[in-house]
Amino acid sequence: MTDNNINLTNQHDLNSEVNNKTPVVQGEMARLEEEELAVQTAKNFRSISPARMVAKRFFRSRLSIVGLCIILFVFLFSFLGPVIVDATWGYGQTEVFKIPRQSQLLTKANFEGADGRKYVYYDRSISTVTTKAPPSADHWLGTDTNGLDIFVRLMYGGRISLTISFLTIFLEMILGTILGGIAGYYGGWVDQLIMRIVDIFACLPGMPILLILSAVLTSIEEIPAEHRIYYMMGFLTLISWTGTARLVRGQLLSLREQEFMLAAETTGIKTSRKIFKHLIPNTVPQLIVSASLGLGQIILYESTLSYLGIGVPFPNAAWGSMIALADPSKGQEILAYYPNMWLPAGILIVMTVLAFSFVGDGLRDAFDPRQKK
Amino acid sequence: MVKYILKRLGLAVIILLGVSLLIYMLTMAMPADYIDNQTAAAVQSGQMTPEDVLRLKELYGLADKSLPGILKGYALWFSNALQGDLGFSFLYGRPVTQVIKEYVWISFFISLIAYVIEIIIAIPMGIRAAVNQYSGYDYTVSVFSMMATALPSFFLAALLMNFFSINLGWFPLQGLTTATKIFHPSDTWGILLDKAWHLVLPIVTLTLLSIGGLMRYTRTNMLEVMNSDYIRTARAKGLPEKTVINKHAFRNTFIPLVTTLSGLLPGLFSGAMITETVFSIPGIGSMAMRATQQGDIPFVMGYNMYLAILTVIGYLISDLMYAVVDPRVQISK
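Protein chains in written order, with the working numbering: chain A, 1 to 373; chain B, 1 to 333.
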């Protein structure tokens with residue numbers, strides 16, 4: 001008993017604390033009933049479930065905690081933020097603010113007059129602009145070219161990005177797990193067929209195909225503009241499920257050959273139970289890792305679509321379309337003088353994607369049983 | 001070995017067939033607005049009848065949008081494509097292959113330079129990070145590489161343009177040549193320098209976008225090698241750490257790197273749609289972007305097929321390299 005205790009303390013420093021609190025008195029041990037012994041053991045040995053072990057390893061990494069905090073922040077910002085804004089300031093993403101402000105333009109030109117003297121020509125014009133207000137106490141990040149509050153729009157943009165990325169990843173995981181699972185479990189010609197389909201989809205050029213699909217969507221008049229993004233989400237799933245399918249198939253191929261599967265086989269259970277009880281749960285760690293890494297990629301895809309103007313339609317906000325304001329092809333003014341319009345959206349995208357990769361990396365290390373540190 | 005290559009080639013052909021059919025069907029679902037837009041005025045003034053427009057669409061195989069019609073069109077397109085004819089671009093008024101041939105070089109040039117810079121920077125940094133695992137350097141490199149992969153291309157481009165072209169004025173904002181400067185046609189160096197000047201920011205953008213991935217890949221592979229038995233043997237023999245890393249570890253890390261990097265080579269010809277568009281570089285990527293936005297169906301079809309071919313060649317190369325580079329790999333099948 002004591003030996004065991006020492007062993008455990010060496011392995012896990014966590015247990016040492018417990019041991020100090022409940023010293024085991026040698027003489028008493030023999031008199032304890034079996035049940036009480038069990039209770040005592042439970043006190044002395046803290047058995048850590050695999051899930052808690054993973055959590056412990058995950059939280060040991062500083063980067064994963066940072067990632068988790070950022071994700072939490074972005075979630076609160078984009079889902080709770082609009083609610084608070086609506087309750088306190090009482091407006092949403094499409095409220096137009098006309099904030100008049102004087103804009104002075106002074107132009108100067110030198111020229112030589114007919115009398116041979118040099119003249120300086122000044123032209124001073126004062127105009128009133130109501131849009132593109134600078135950051136103020138009322139509008140923390142100012143207003144954009146249409147007089148919409150940028151700070152509030154960032155929140156709604158986050159809503160779209162996060163919703164779409166989570167739904168897409170969810171659909172992708174389902175599709176990939178089913179097809180990859182079938183391929184990996186049955187093998188043979190089924191495997192060949194499915195994997196060739198996977199190969200074909202993996203060879204499709206992603207961005208150009210999405211552009212084509214968006215053109216197709218626009219031409220179908222029955223689909224309202226607001227719903228297009230959900231179709232695009234489906235298309236995003238279709239071009240990105242192949243990675244998951246390959247992953248699940250590879251996992252199943254190796255799991256199939258292991259002893260516990262032989263044991264499951266001998267109990268004579270149904271195929272569906274074998275797949276869903278014994279095989280799929282074993283692929284879950286890899287799936288979670290690839291999902292958290294994939295989330296960032298989907299956010300990048302979504303923001304690119306919005307940047308190109310084929311994501312969420314205009315009055316609604318999206319991070320990508322906010323950065324599109326800075327496109328120098330439409331004039332350099334915003335790129336040069338109004339970083340408050342595009343910089344925060346970009347920073348939010350980078351932060352969110354980065355956070356997902358921190359968490360994904362942390363999870364990968366935490367799930368890896370070879371990881372000792 | 002020959003059997004392995006043949007099998008891979010056979011697979012590539014099957015994949016390309018599937019991809020081309022899929023792309024064809026998708027492209028055909030695109031609205032044929034281009035012809036309608038171009039002929040609208042003529043139809044209105046009575047110079048063309050709606051039958052003429054329909055005939056024009058038939059000529060391009062765009063009239064019949066039913067499934068058999070599309071399949072028939074596909075067969076025709078495919079047999080032409082086999083002879084190297086990818087159709088005739090509406091927008092650019094020239095054969096698609098000619099447009100690709102003309103504009104691919106600038107894209108290739110940008111990607112090639114970015115690729116070389118990326119290799120030169122990423123591999124040594126990845127290796128150093130792996131050798132000093134869990135050090136401050138390692139963390140910095142890891143965070144930097146993740147940050148680089150988290151950047152959307154258009155945002156990075158906006159940042160660079162804001163900082164280097166507008167605030168510092170070091171580099172031009174957009175385009176490939178200075179519009180206000182007139183060069184004598186014989187002034188080759190002047191023209192080349194001017195172009196190079198315009199390409200600095202696009203190249204930096206492309207490099208930064210892809211550098212993170214390679215860095216992490218190098219680091220992961222190097223870590224795996226560093227934990228292997230032959231490295232322990234080399235150390236146990238008493239070899240200096242420098243020799244262990246430079247000779248034993250690095251050479252073995254090189255195997256997966258060469259495989260992956262050679263697989264990326266065909267991709268250098270594919271053009272960068274977003275980056276080229278943002279910087280207004282007349283490369284194949286921005287041409288394709290314009291064609292897609294304006295509904296130039298033959299060009300879109302040809303370009304996407306071209307991309308798919310490049311991807312398949314990339315896979316083929318890395319499959320073959322995998323067998324060639326690593327002497328431990330025995331091809332049995």
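Accuracy of the hints is not assured; some may be wrong.
Derived pair list, reagent style BS3-like, types lysine-lysine, alpha-carbon separation capped at 30 Å [claimed, not checked]: (1) A:Lys330 <-> B:Lys181; (2) B:Lys3 <-> A:Lys108; (3) A:Lys56 <-> A:Lys330; (4) A:Lys277 <-> A:Lys108; (5) B:Lys57 <-> B:Lys72; (6) B:Lys247 <-> B:Lys237; (7) A:Lys277 <-> A:Lys98; (8) A:Lys330 <-> B:Lys195; (9) B:Lys101 <-> B:Lys247.
Residues of chain B placed beyond 12 Å of chain A at every Cβ, according to the derived structure [said to hold, decoys possible]: (10) Ser20; (11) Trp170; (12) Asn304; (13) Met321.
Some residues of chain A that are not near chain B, with every Cβ distance over 10 Å (derived) [as the list claims (entries may be wrong)]: (14) Phe79; (15) Asp86; (16) Gly92; (17) Phe166; (18) Trp189; (19) Met207; (20) Ser219; (21) Ser329; (22) Ala336; (23) Pro339.
None of these hints come from the bench; they were simulated from the model.
Nothing here was measured: the structure is a model prediction, and the numbers come from that model.
Cβ atoms here follow ideal geometry from the backbone N, Cα and C, with glycine treated the same way.
Taking the hints in turn, this is what the structure says about them:
Between the alpha carbons of Lys330 of chain A and Lys181 of chain B the distance comes to roughly 23 Å, so the proposed pair stays at or under 30 Å and holds. A threshold of 30 Å between alpha carbons decides the hint, and for Lys3 of chain B with Lys108 of chain A the separation of about 77 Å lies outside it, so the pair is violated. Distance restraint check for Lys56 of chain A and Lys330 of chain A: the Cα-Cα separation of roughly 51 Å exceeds the 30 Å cut-off, and the hinted pair is therefore not satisfied. Distance restraint check for Lys277 of chain A and Lys108 of chain A: the Cα-Cα separation of roughly 79 Å exceeds the 30 Å cut-off, and the hinted pair is therefore not satisfied.
For the hint linking Lys57 of chain B to Lys72 of chain B, the alpha-carbon distance of about 14 Å falls within 30 Å, and the restraint holds. Taken as a hint, the Lys247 of chain B and Lys237 of chain B pair is honoured in the structure, with Cα atoms around 14 Å apart against an allowance of 30 Å. Taken as a hint, the Lys277 of chain A and Lys98 of chain A pair is broken in the structure, with Cα atoms around 60 Å apart against an allowance of 30 Å. Taking the CA atoms of Lys330 of chain A and Lys195 of chain B, the gap is about 23 Å. The hint holds against a cut of 30 Å.
Simply put, Lys101 of chain B and Lys247 of chain B have alpha-carbon atoms about 42 Å apart, too far for the 30 Å limit, and the pair is violated. Not every Cβ of chain A is farther than 12 Å from the Cβ of Ser20 of chain B; the closest lies at roughly 10 Å, contradicting the non-interface assignment. With a least beta-carbon separation of about 15 Å from chain A, Trp170 of chain B lies farther than 12 Å from that chain, consistent with its non-interface assignment. At roughly 5 Å, the least C-beta separation between Asn304 of chain B and chain A is not larger than 12 Å, which violates its mark as non-interface.
Every beta carbon of chain A lies more than 12 Å from that of Met321 of chain B, the smallest distance being close to 18 Å; the non-interface claim holds. Every Cβ of chain B is farther than 10 Å from the Cβ of Phe79 of chain A; the closest lies at roughly 21 Å, confirming the non-interface assignment. Separation of Asp86 of chain A from chain B is adequate, the least Cβ-Cβ distance of about 28 Å exceeding the 10 Å criterion. For Gly92 of chain A, the non-interface assignment is confirmed: its Cβ lies about 25 Å from the closest Cβ of chain B, beyond the 10 Å cut-off.
With a closest Cβ-Cβ approach of about 18 Å to chain B, Phe166 of chain A is found to remain outside the 10 Å limit, as its non-interface label requires. Listed as outside the interface, Trp189 of chain A is consistent with that label: its C-beta sits roughly 14 Å from the nearest C-beta of chain B, beyond the 10 Å cut-off. The claim that Met207 of chain A is not at the interface with chain B is violated, since a C-beta of that chain comes within 10 Å of its own (minimum 6 Å). The claim that Ser219 of chain A lies off the interface is violated: its Cβ sits roughly 4 Å from the closest Cβ of chain B, which falls inside the 10 Å cut-off.
Ser329 of chain A, annotated as away from the interface, has a beta carbon of chain B within 10 Å; the closest lies near 7 Å. The Cβ of Ala336 of chain A does not lie farther than 10 Å from every Cβ of chain B; its closest approach is about 5 Å, which violates its non-interface assignment. A beta-carbon of chain B comes within 10 Å of the beta-carbon of Pro339 of chain A; the shortest separation is about 7 Å.
In this structure, the earlier hints numbered 2, 3, 4, 7, 9, 10, 12, 19, 20, 21, 22 and 23 are contradicted, and the remaining ones agree with it.
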